[in-house]
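Both chains are sitting in their own frames, so use the hints and assemble them into the complex.
From first to last, the protein sequence lines are chains A and B. Mapping the first sequence onto my numbering, position 74 (from 1) lands on 74, and the numbers just tick up by one. Mapping the second sequence onto my numbering, position 136 (from 1) lands on 237, and the numbers just tick up by one.
It is possible that part of the hints are untrue.
[To be verified] Below, computed lysine-lysine pairings styled on PhoX-like, alpha-carbon distance capped at 20 Å: (1) A:28 to B:153; (2) B:166 to A:28; (3) B:105 to B:153.
Hints were generated in silico from the structure; no laboratory data involved.
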Amino acid sequence: MKRDPFASLEAFYEECCTAPVPEGIVAKPSPRWWEGFAVPAGGLAFGAFVAAALVLSPPESSPEAGLEAARAIAGRQLEANLPPPRPKTRAIRERSFRWDA
Amino acid sequence: MSAKRTAAEVDALLRDARPWLYRLALAVTARPEAAEDATQEALVRATRSQEKLRSVDEPRAWLRKVVVRCAIDAHPRTPETFDPDYPVAHDPTEAIAVRQTLRRLDATDRAVLALAHFEGLSYAEIALALEIPVGTVGSRLHSAREAFREEWSK
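If we strip away everything but chain B, and leave its shape as in the complex, we get (with noise of 0.2 Å):
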């Protein structure tokens, strides 16, 4: 168990896990928009536990649990828009299909995806995430690649 944080640690973690946390629910998301509601809501969350986070052994792990759970449960507030503002660094045309393969895959198999290549977690840190056994993730994993190649070839 490692001594506790102060508040002051806390408010540090927080700021400097803000970047991080937006990524990791675009990835999982795939809409600007429901990431950053989703971030915002999990620092809402651990601002509420700040005494969890004080005394978490693994503070970062803690939050990408509850980062991947709001993204999971975000709900897009629009359906299907195109943000100009979206980064696209390659060929814009295979960015939007990407992003609109992902969103048609589950919520869950989405955040399997990026927590194996976006994150590049080990199954034990993916299972920790995502609040499931070990032993399921390979299987889940597999056909979250699945659906997206075949979502892919549509």
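Next up, chain A with everything else stripped away, as it sits in the complex (with noise of 0.2 Å):
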């Protein structure tokens, strides 16, 4: 059998007064706790500016960089085109000896 309705109510607003807080419940929550959400618009700005210029901007570079670097990319090329060292024949081993001696 179901009381009144209001008394019930009323009952459960009295056991709303004294429920224990709970302590995850932070009084003043620190500004550092929201403010990574709230990056300002004109910080966000720069930010991405800045990353663009440093994608977008070629290295600073001189003409005996670039040689350098052609250099290296054309002995790179070679000594991939390059056939693998022979295995000496018996011929050769002879000659080489002979050639010694």
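So this is what it looks like as structure tokens:
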């Protein structure tokens, strides 16, 4: 048998009056807690500009550096295209022996 | 207009208001976890509005408005669970029935009931907390009470 609805509601509110407050509720949340989500638009735009400049601008170069880089690339290509060293045949080994002698 | 409060006074105000805000949110939501979320959200908003809290005439009324708004908007983490830690001083069956009845009501109806019967506010204060015209408070309270009575009898 249910009691009078409003007597039950009052009883519920009385319980709320003494309800223990969870420890997890922070009275004064640290600004750091939410500042990370509130990055000023100006700061964000500046960051994007710097990142874009770093990614898009070519590195500083000089003719010598360019030549050096070209040599390195050519060297790597040449090395890659060379056939593997052939194993020495018996005739070659004998020839070298005679030559050495 | 009252004199501007210091930052320390605002800190003390928020610290002292913490239990009251949670219990009011609990009366509105009838869910401990939703009340916890609503209270924390209200305190975050209050911390962001330090300047407002330093100069507002009635800081308690301002905080009440914020926490009631958060409690109305609070979404339950779990649809229908029974929390064993929930405070039950009287008949547990009846306590569960009240909570379930309240949960079936519209959030604004729960808020009107809590502001009238838990906080014991006047119509003008309820109107301020809910940001509605004073003239509509009586009818809103009447319809909320009727909705509670109807749901209770199911």
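**Request:** Quickly compare the C-alpha distance for residue 166 (chain B) and residue 28 (chain A) to 20 Å and report which way the hint goes.
**Result:** holds (18 Å)
**Prompt:** Has the given pair, residue 28 (chain A) with residue 153 (chain B), been kept, meaning a C-alpha gap of at most 20 Å?
**Reply:** Measuring from Cα to Cα gives roughly 15 Å; hence the hint holds.
**Message:** Holds or violated: residue 105 (chain B) and residue 153 (chain B), Cα atoms, limit 20 Å.
**Reply:** Roughly 10 Å between the alpha carbons, so the hint for residue 105 (chain B) and residue 153 (chain B) holds.
The structure agrees with every numbered hint stated previously.
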